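A.B. asks: Each chain, written out:
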Amino acid sequence: MAIDIGQFVQTFFEESLEGLDIMEAGLLALPPGAVDMEQINTIFRAVHSIKGGSGTFGFQDLTAFAHVMETLLDRMRQGQMDVTSEAVNTLLESVDCLREMLVAARAGAAVDNDRVEHLRERLHLLLNQVNVAVSEHTASPSPVSPTTTPPTGWRINFQPHSDLMHNGNDPVRLFRELSTLGELTVRCDPRQLPHLAKLKPEDCYLSWELELQGTVSHEELVEVFAWVEDDCDLRIEALAKEPTASNPVVARTPGEEGQQGELLLERRKSEDRRQSDRRGPAPADTASIRVGIDKVDAVINLVGELVTTQSMLSVLGVDFDMSRLDKLHEALDQLDRNTRDLQEHVMRIRMMPVSSVFSRFPRMVHDISGKLGKQVELRINGEQTELDKTVIEKIGDPLVHLVRNSLDHGLEPPAERLEQGKPETGAIMLNAYHKSGSIFIEVGDDGRGLNRDALLRKGLDAGLLKPGEDYSDEQIHDLIFHPGLSTAAQISDVSGRGVGMDVVRRNIQDLGGSIQIGSQRGQGTQITICLPLTLAILDGQLVSIGQDCYIIPLLSIVESVQLRAGSVNRVAGRGEVLRFRGQHLPILRLYQMFGAEGAVTDLEKGLLVVVEADGRQVGLFVDDLQGQQQVSIKSMEKNFRRVPGVSGATILGDGRVGLILDISGLIRVNNAVT
Amino acid sequence: MAKILVADDSASMRQMVEFTLKEAGHQVVVAEDGQAALNLARGMTADLVITDVNMPNMDGITLIRELRALPAFKFTPILTLTTESTTEKKMEGKDAGATGWIVKPFNPEKLLMTVNKVLG
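As they're listed, the protein sequences go chains B and A.
Here the first sequence stands for residues 1 to 674, numbered as in the UniProt record's numbering.
Here the second sequence stands for residues 1 to 120, numbered as in the UniProt record's numbering.
None of these hints come from the bench; they were simulated from the model.
Keep in mind the model is a prediction, meaning the values are calculated, not measured.
Note that beta-carbon positions come from the ideal geometry of N, C-alpha and C, so glycine has one too.
Any given hint could turn out to be false.
Derived CB-CB ranges, DEER-like [said to hold, decoys possible]:
#1 B:Q159 with A:M91: 17 to 23 Å
#2 B:T152 with A:V29: 44 to 50 Å
#3 B:D336 with A:A72: 54 to 60 Å
#4 A:M113 with B:T215: 18 to 24 Å
#5 B:S635 with A:A72: 57 to 63 Å
#6 A:M91 with B:S355: 37 to 43 Å
#7 A:M91 with B:P190: 28 to 34 Å
#8 A:N116 with B:T215: 53 to 59 Å
#9 A:M91 with B:Q375: 44 to 50 Å
#10 B:K198 with A:M91: 29 to 35 Å
#11 A:V29 with B:R340: 40 to 46 Å
#12 B:E93 with A:G43: 42 to 48 Å
#13 A:V29 with B:P190: 36 to 42 Å
#14 B:E377 with A:A72: 49 to 55 Å
With a Cα cut of at most 35 Å, we get these calculated DSBU-like pairs of lysine-lysine [to be verified]:
#15 B:K200 with A:K3
#16 B:K198 with A:K74
#17 B:K422 with B:K435
#18 B:K200 with A:K74
#19 B:K422 with B:K295
Facing chain A, a subset of chain B residues (Cβ under 8 Å, in silico) [said to hold, decoys possible]:
#20 I5
#21 G6
#22 K51
Bound-form chain A, shown alone (with noise of 0.2 Å):
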């Protein structure tokens, strides 16, 4: 069992991640923006983090850049989940610190693959 920190704007996707995640079992902390996430990646641990690209407040790549530049998370895995089928966008995220992407669409399945092959 893992602790996972997901955020994402939208609520379907919220709640599907993490429905998703904790049917496999672990524990899953989510956030409606990049700035609830910062605020609760403050005053906790995680083993993985799941971050939307595009969200209001903060987005998820300025949410990396702020997350690499915690101590509790500097090598925390994080996977944006992006639309962005582009390497352009990829690397974006990947140029904040992120570890790896999930692209939408995508359905439980391949979110738990993706998951466990992090997690190991």
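Looking at chain B on its own, in the form it has when it is part of the complex (with noise of 0.2 Å):
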């Protein structure tokens, strides 16, 4: 039975991939001198596993490869060899390399074999520095082959230890192997045999004298005995033709040489292999998504829903008369809802955590920071925060060419921050969050920075600002977003030329977006990237307020409360507040401002949620809560027109739209009337 492993090929190349990214992501985290076990085991266990299935595949030159990083890592692994930052930057370009030898696998493209070799030798520059006493694979002359033509047959003496079928193994399986090779006698042995009452069923007792005839290869029987050598002692001699024939040979533990051969051997076989699997699975480029099976199990679902509504409409249909139009409508609106609900939901499947997106910059401000000679802590917050793979795949460059400048521009060297009085190692902040029904991205760093002077000279060089007039910091930051204007005093190879920010700014834009800059002088310098996210999902607590739902962000409630008789003040200008917590919380009550009928209004019998917005936290007086669930934003604008302190909608499980409170904006709202 042929089997086309050309199949499997797709996953191996997509664990792969993955395992890269986890010793990357390993390597990054392991400190230097100290020895994770742990760690290094996760980091080995993902290289072990590419080396075992690029050699299944037949990817030859990928198993080499991963072979001599696994050898290195085993060495850390074993304490034989020091985490040495050398020793984690070589086996980081090595993931690179390793990367790229699968990627151009899957292509069916070549790879850069100088970069190959060159690092390659590199770690077996390392290998060798702690290798010097312990000399690796002293190759040993190979053993003389015990019979230069092969014998007729073999006599093999065969006495099993007792433990022999303790751990599965069978001299009946022994037996019938071999005589496959030849023509076999069996002679058994059962001398050692115990009286009845003394045996024990699990033990061996038998022994025997076999004979093979046939031109059947030494190394063919080690071979069928090769799992039981340590259970038995085991004799082959040559059946006796020419005189000198007789030829002892005891079980010999294969050695490295004799194991090497079989790796050639292997090796050989194994490109013949390649060379059919190459052209079977085809390089097309076949993008694939890793979904969360509950999301897949929504689809699923509603598409139950939908085949139950379609059922529903059929029977309508085989007899229909006009008194039965209500029913149609009712199942036509359910079809409606069901439609609806499955294009949200599958959409839901593109939306992916951007921690994809966050994931390469460690190594990027690890690789950078090393070459710029600065230190560096990267500090990620929100990677969970969910984006449409569009925007993800779109969102990488501006973000990689911000962090770029940060790490270039922005940061001092470490000399110059400690003359500043500013801790040696900068920093650098990728946020994601959710706010308002947008996606916000945060770059920021501590660095110096940007140069407001500078910037207004080049401004006024350039002709984009006038002589005399007085300009707002906001209006000198937006110039490094105009074309042509850097601000660095050299251009280095690490960040850009001046035509980085405009791209930038572009790019976002072209992803309906928006960027803001802020800066401060010695301080640091924060960049924000808002995308309105129509797509987004939202993790909502559901509230009542008289016969509607609202929803409030899970991410901005504090807590709730229940008020008590007296603990609400009115304070002038500003409404009413509660003491709370030891400051004042002012009362938005929700029914009055979005003028909702049949309401709570008595402060006592509903529920005061207390949300927080802009670093500001204000109690919402609503009637009750109800359940939390996820809900994706549609948008206001597009499907009705924009509403203060509201930042979208969605429809509710039961139909109902309901509406996303907008927390910030509410604050705003609520600033305005008082």
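Grab the two chains, each in its own frame, and use the hints to assemble them into the complex.
C.D. replies: This is the structure:
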């Protein structure tokens, strides 16, 4: 039976690329000097799997390269080698190289062999540093093969140890296999068999004298007994034909040489195989996406509902008359809802956590900071924030550019930082979060900030600003987005030459977003990207106000409290406030703001949901809390018009529309009123 | 037809082994690490176990030891899937109670040959 292993190659590529990401993250987190066994084990396992898989799927160059990396990591794991930053860096570069090799293999393209060789040499060099004493694989002369001409048969004396069968081995199996090689004669020696009363049924007491007729090589015989060679006494002799041919060979542990020979043989075989494999899987760009099972289940559920609706409609259609018009409308409404839900959930499949973009930065920051001689700590927050896959794909490059800028221009060298009384290690912050129905991504640093004077001068030189006029910081900072304007004194190979920021802004605008810059001389720069996401998913707390249901973003909720009589004061100019945990909390009666009817108006009978936005807390007065659920945000602007205090709407499970509250908007509205 | 328990943390390996064995008419139960395999083993019997050595959560060596302690798996043939061509590594598996090994890289034919050898 021929099995085409090509069908599993795609899985191999995917898991290997994931493995490389794991290795990269692991290596970056590896503290130099100290040995975190679990960490090294994880890294080791990843490369080990790649090695095993690539061998199986016929990518020998990958196997060979992964093998060297594996050996190095194994040494670290065994404590035979220190985890130096040099070793980590070389391994990181090797990870890159391996990734390129994988991608090339997937596309059926060629790799840069010089680079591979160069890295392999460096890995070997590292290995040899520790290896002076432990001479590895000293090639001993290969043993003379037992007979130059294969004998016509073998005599085998096989004496199993009593525990041979304890690990699942069975003499009968060995005999059966031998009999496939030639004509086998089996003579059993039962002399060791004890009295029945003393016999342990799990032990082996028998031994055998075997004769195998046929031209069978010694290796083939050893191979048959390979699994039991430690569990038996074995003597193999060529059947006497010539006077000198009697050549007892004690079963030999297959030595390194033999293994290498075996490997070489395997290699040749699989090279043949690869020729055919390469043609097998098409190198077509079959991008795939990993989706949580819950999302898939949701879609399947909805399809189930759709089928129910469909059958409802077809029953209606069989003998339809006008008396059943209501039912038809109902069913059509349901169909409408089903379709919309389905559409929405299918779109959700495309939502991916922003971590897939953020994950490349630890490595990048590590590499570039090393090159620049700066010490940098990267702080990442909110990497679970979900974005549409398209946005994820397009946001990567702009972010890379921004982080590079921060590293190169923003952060000062350690000496300069110390001079300024800052900690030696600079910080780069990456944040992602939902706010007001948008997704915000921030790139910040605590470096030197923008040089307002330099920018002003450049702006004047370029004729973008008029001399003598007064410009706000914002206007000045905005200049960095102008094409052809770079404040870097020298152009470095790390970041741009003035062609960057305008492109960054254009990319963001193409996604329907905006970008803002805030900077304080000597304290750092913060760039905020705002992406309006009609597709964004939000974890919401459902609250009821009168007949209606509103959604409060879960992230903004601090807590919910029940009010006691007399705890609320009226303060002139600030409306109602609650003395709450040492501060005065303004109370917003949502039913008043939204003109809801039939709502609870007595403060003691409802609930106060304490929310926070823009660093301020307010209490939202609602009737009651309902469930929590993920809601997909529908744009108000697109479907209706902008409503202050509302960031969007969603369709609830029962088909009603629920408005999603914009907390910072509500606070603004409240401030305007009071 | 035999019932075979397969433990490997690599999805491609798992798929390949599963597919190959199923094509040959065997019943295959797969687990993605040693712990999962052990959990499965506690509620079943098998004619053969094939396990990777390097796995997260519980490695193959520990799995073999744990399996041998289960009455239902005391004599069940257990094969390790190992990239280690060194004797030392193969022996580590044997010492834990493995019946034998299959050296990676292997192709479906080699896998089936070895499996048939064990199952007879």
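A.B. asks: If a hint holds in the structure, say so; if it doesn't, say that too.
C.D. replies: Hints, verified against the model:
{"no.": "1", "hint": "B:Q159 with A:M91: 17 to 23 Å", "verdict": "20 Å, holds"}
{"no.": "2", "hint": "B:T152 with A:V29: 44 to 50 Å", "verdict": "46 Å, holds"}
{"no.": "3", "hint": "B:D336 with A:A72: 54 to 60 Å", "verdict": "56 Å, holds"}
{"no.": "4", "hint": "A:M113 with B:T215: 18 to 24 Å", "verdict": "21 Å, holds"}
{"no.": "5", "hint": "B:S635 with A:A72: 57 to 63 Å", "verdict": "60 Å, holds"}
{"no.": "6", "hint": "A:M91 with B:S355: 37 to 43 Å", "verdict": "42 Å, holds"}
{"no.": "7", "hint": "A:M91 with B:P190: 28 to 34 Å", "verdict": "30 Å, holds"}
{"no.": "8", "hint": "A:N116 with B:T215: 53 to 59 Å", "verdict": "23 Å, violated"}
{"no.": "9", "hint": "A:M91 with B:Q375: 44 to 50 Å", "verdict": "47 Å, holds"}
{"no.": "10", "hint": "B:K198 with A:M91: 29 to 35 Å", "verdict": "31 Å, holds"}
{"no.": "11", "hint": "A:V29 with B:R340: 40 to 46 Å", "verdict": "41 Å, holds"}
{"no.": "12", "hint": "B:E93 with A:G43: 42 to 48 Å", "verdict": "47 Å, holds"}
{"no.": "13", "hint": "A:V29 with B:P190: 36 to 42 Å", "verdict": "39 Å, holds"}
{"no.": "14", "hint": "B:E377 with A:A72: 49 to 55 Å", "verdict": "53 Å, holds"}
{"no.": "15", "hint": "B:K200 with A:K3", "verdict": "28 Å, holds"}
{"no.": "16", "hint": "B:K198 with A:K74", "verdict": "21 Å, holds"}
{"no.": "17", "hint": "B:K422 with B:K435", "verdict": "31 Å, holds"}
{"no.": "18", "hint": "B:K200 with A:K74", "verdict": "15 Å, holds"}
{"no.": "19", "hint": "B:K422 with B:K295", "verdict": "47 Å, violated"}
{"no.": "20", "hint": "I5", "verdict": "6 Å, holds"}
{"no.": "21", "hint": "G6", "verdict": "10 Å, violated"}
{"no.": "22", "hint": "K51", "verdict": "6 Å, holds"}
Of the numbered hints given earlier, the model fails hints 8, 19 and 21; all others are met.
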